[in-house]
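A.B. asks: One letter stands for each residue in the lines below.
Protein chains: 2
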Amino acid sequence: MTAQLMADRSSTIVRLLRRNATRNLSKILESMRTEDIAAVFRRVVAGRWKQLFELVQPLERRAELLSELDPEIQEPFLQQFANAELAQLMRAMSSDDAADLLHLLPEERASAIMAMVKPDDDLSEAVELMRYDPETAGGIMVPLNFAVPAAMTVGEAILELQSQSEQLEMVFYLYVVNDHGHLVGVCSLRDLVTTPPEIQLADIMESNVIRVATDTDQEEVARVVARYNLLAVPVVDETNHLVGIVTVDDIIDVIREEATEDMLKMAGVAEDFDVSERKAVWSSARARIPWLGAAFLGGLGGIFIISSFQAAIETIAVLAAFLPITVGMGGNVGTQSATIVVRGLALGRIEVGRLWAVVRRESLVGIACGVVYGLALGLIVLVFFGSQQSPVRLALSVGCSITAAMGIAATVGGTMPLIFQRLNIDPAVATGPFVTTSVDILGILAYFIIATLLLGL
Amino acid sequence: MTAQLMADRSSTIVRLLRRNATRNLSKILESMRTEDIAAVFRRVVAGRWKQLFELVQPLERRAELLSELDPEIQEPFLQQFANAELAQLMRAMSSDDAADLLHLLPEERASAIMAMVKPDDDLSEAVELMRYDPETAGGIMVPLNFAVPAAMTVGEAILELQSQSEQLEMVFYLYVVNDHGHLVGVCSLRDLVTTPPEIQLADIMESNVIRVATDTDQEEVARVVARYNLLAVPVVDETNHLVGIVTVDDIIDVIREEATEDMLKMAGVAEDFDVSERKAVWSSARARIPWLGAAFLGGLGGIFIISSFQAAIETIAVLAAFLPITVGMGGNVGTQSATIVVRGLALGRIEVGRLWAVVRRESLVGIACGVVYGLALGLIVLVFFGSQQSPVRLALSVGCSITAAMGIAATVGGTMPLIFQRLNIDPAVATGPFVTTSVDILGILAYFIIATLLLGL
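Residue numbers (my numbering), protein chains in the order written: chain A, -17 to 439; chain B, -17 to 439.
Isolated chain A, as found in the complex:
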């Protein structure tokens, strides 16, 4: 559905909801995909969510819808369900989706629901998944109990698949295990369909299977799937037993999520990505204020540095005019370097052992840009501020300052994400307040030190 069509459809649903036009609504909802209904929820006020939700039939579709809502909607919406009702819906969804919802619930509610689960319950798989960190392969996998021995023929494997088809959500590959249950091979579904039935799996399987461990970070899993163009990757435990698969549709979500997270962290708004009217302005502001605090502290540092050079400004008032451009250009080039390094790390384009070459390069690029803009600013001073005392020295001072500030900024911007990565902190965090703040302070310092030296203040 196009954006415009979706917007119209949403408006219609909102209007019908207000009028309680249940029959019309049911008819519209029946014709829509659950993914599109999930998008409509963004336009509906929280007080009407339950009404809309209950018009979706049958239970399986409601379960699918619940798992497809944006997390910002899921979290408040889950509060509108009783535990038993929620458990019933979770039983009807795939176990990784159910586990995601359990993670979103407050701990005591999650425990209460998990306590209701008996060993043969459909929900027991989801409970199993709760053992894993939600941002690892274990946390995003679908448990898989289906694998076949290498001695099986293609024909037998197809029959086996057919008999299991109800439990298998998405089948892309057939995994082959040895007598100990260790993962030893893989066949694509296409291989099965296009091979004569009497051939043994051992003869057509790929035995060098790309796999990830349950504790592999989801970003790494995404890199593996992207690099090798896989549709699914098997997840093994520490003894190489196949425990699940991560499918490509979940990987797409991971890639989008991680990119969003990185962008928001770089801008210092990691906790506030909800542009709807649902979220109170004040709660958005509260989420952003701590990040701005780092910049504020840096700004205060700047204030005290500048006021300690107050005598210099009193002597040459025009010095104040060139400070913002110096700090600003430093900030810009610092952000450029930091962004390149952060994204290079995220895409696996920067390799271990080449880190310092990257920093050296960023520094040189920063200095090169700094020289260009230093010359430009120096010329502008000579032309427009020639009536000042000793204009040549002023031009030299201002030009050198901007070059220094940009060189320092590119170096800091290139280095910080690498240091953060070493310390196992997400490098994207570095690019936000940390780089800008330190670049601001260093720029202001460089500016006044150079002015003091060259203008003899």
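Among the hints, a few may not be true.
The list cannot tell twin chains apart, which means a pair is met if one copy fits it or any two copies do.
Here are the computed lysine to any residue pairs in the SDA-like style, where the Cα-Cα straight-line distance is at most 25 angstroms [claimed, not checked]:
id: 1; residue 1: K9; residue 2: V354
id: 2; residue 1: K32; residue 2: Y210
id: 3; residue 1: K32; residue 2: E67
id: 4; residue 1: K9; residue 2: Y210
id: 5; residue 1: K32; residue 2: P58
id: 6; residue 1: K9; residue 2: V191
id: 7; residue 1: K32; residue 2: G330
id: 8; residue 1: K100; residue 2: L(-1)
id: 9; residue 1: K100; residue 2: M14
id: 10; residue 1: K9; residue 2: V166
id: 11; residue 1: K32; residue 2: T4
What the hints contain is simulated information worked out from the structure, not anything from laboratory work.
Please read all numbers here as calculations on a predicted model, not as lab measurements.
The hints should help you fit chain B onto chain A, whose structure is shown.
C.D. replies: Leaving out everything else, chain B in the frame of chain A:
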């Protein structure tokens, strides 16, 4: 392969290349996946690429390798091939990959190669694809000539698939067409495998097929695939004839590319994402200088505004000390708002018809943050700058300035990407130099206007 293992493997290959240890190299390369060999190229100097490339056997693997190299490597590497050699490699790769390479070549070389292609050539499909913009569905699709009539049974369809298996690269879905060749249905491969062979396709196919047009933007294609969890999406021409499919592995690349592009544009480095030593420092600097130019022009505007208030600074020199923090906090909050809106648009979370609600919200959040930091800064002035003339007025002036600057910045940051989107310019571009520059200038203006009014300058 883990990052450390890959780094070791790369070092070994680089060493063996220097020693011309051909036999050892061939053995290592044979055991590696082409995706991993492609990653090794990042560590090898351009002068050794051809040597390494030719050790990979047979031709099909070399073709795969060539299509998997980073575009920054492909572009210079393609210069090392003769046209005939390149055409031969392109014939051995899938047509969408070959078309990508043709797009990378200088126009005259691409034309020369295309002129060599005869109608029954393997390359003719790739040439066909060159008609489409490379960033649309047509540009990233694989042409598809395989579709079956609705009256076919499941068993016949499987036989048909088996007979076509060599030409079909990745099969996920079987597309069903009517007598006019119009796309009317789709079955998953799983449906085929798990349905009795005598059932007709018409009985199991989904007739509401999600499709895209050849000129649909690749970002929109990615959104469709992500939203509906598809493995492939059919591409139709203006007459609803099936002309190709876009597969999920290409979508993953699109999502990563688009996120990278957005991040680089936001930082103002869209043209420079190559951290290797291959690219000369100067050519990197040259790519960044135009973007920094926008910030520089804004900075110059700032200089002239500040110097026109020189008298004010000469009267109260400490005014200069509070300017950078005011401008800086504005810049930070402006970037936050712009990032949220840009990412919201990219993910399709901001819907048509709700744009101005989003701007209003960002403004309010900016003002809320501004009031908090305005109060904080005012207090700091009272405590640390109490010895100045009329400290209360100074505190009030500085506090109001930062509130105004942050409110304005959030409004501008929220609005610009939406305006750019309306004008069909990528909103990510807005977040870079445009937002920061206008926010800087508006912040400086607000600062001095408020100071003039409150301090009676």
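A.B. asks: Decide, hint by hint, whether the structure agrees.
C.D. replies: Now for the hints, and whether the structure bears them out:
1. K9 - V354: neither (65 angstroms within a copy, 50 angstroms between copies)
2. K32 - Y210: between (42 angstroms within a copy, 23 angstroms between copies)
3. K32 - E67: For K32 and E67, the Cα distance is within 25 angstroms only inside one copy (12 angstroms; across copies 64 angstroms).
4. K9 - Y210: between (43 angstroms within a copy, 21 angstroms between copies)
5. K32 - P58: within (11 angstroms within a copy, 58 angstroms between copies)
6. K9 - V191: between (47 angstroms within a copy, 20 angstroms between copies)
7. K32 - G330: between (43 angstroms within a copy, 24 angstroms between copies)
8. K100 - L(-1): Answer is neither; intra-copy 38 angstroms and inter-copy 61 angstroms both fail.
9. K100 - M14: Neither: 35 angstroms inside a copy, 47 angstroms across copies.
10. K9 - V166: between (50 angstroms within a copy, 23 angstroms between copies)
11. K32 - T4: within (13 angstroms within a copy, 68 angstroms between copies)
Violated hints, listed in ascending order, are 1, 8, 9; each of the other numbered hints is respected by the structure.
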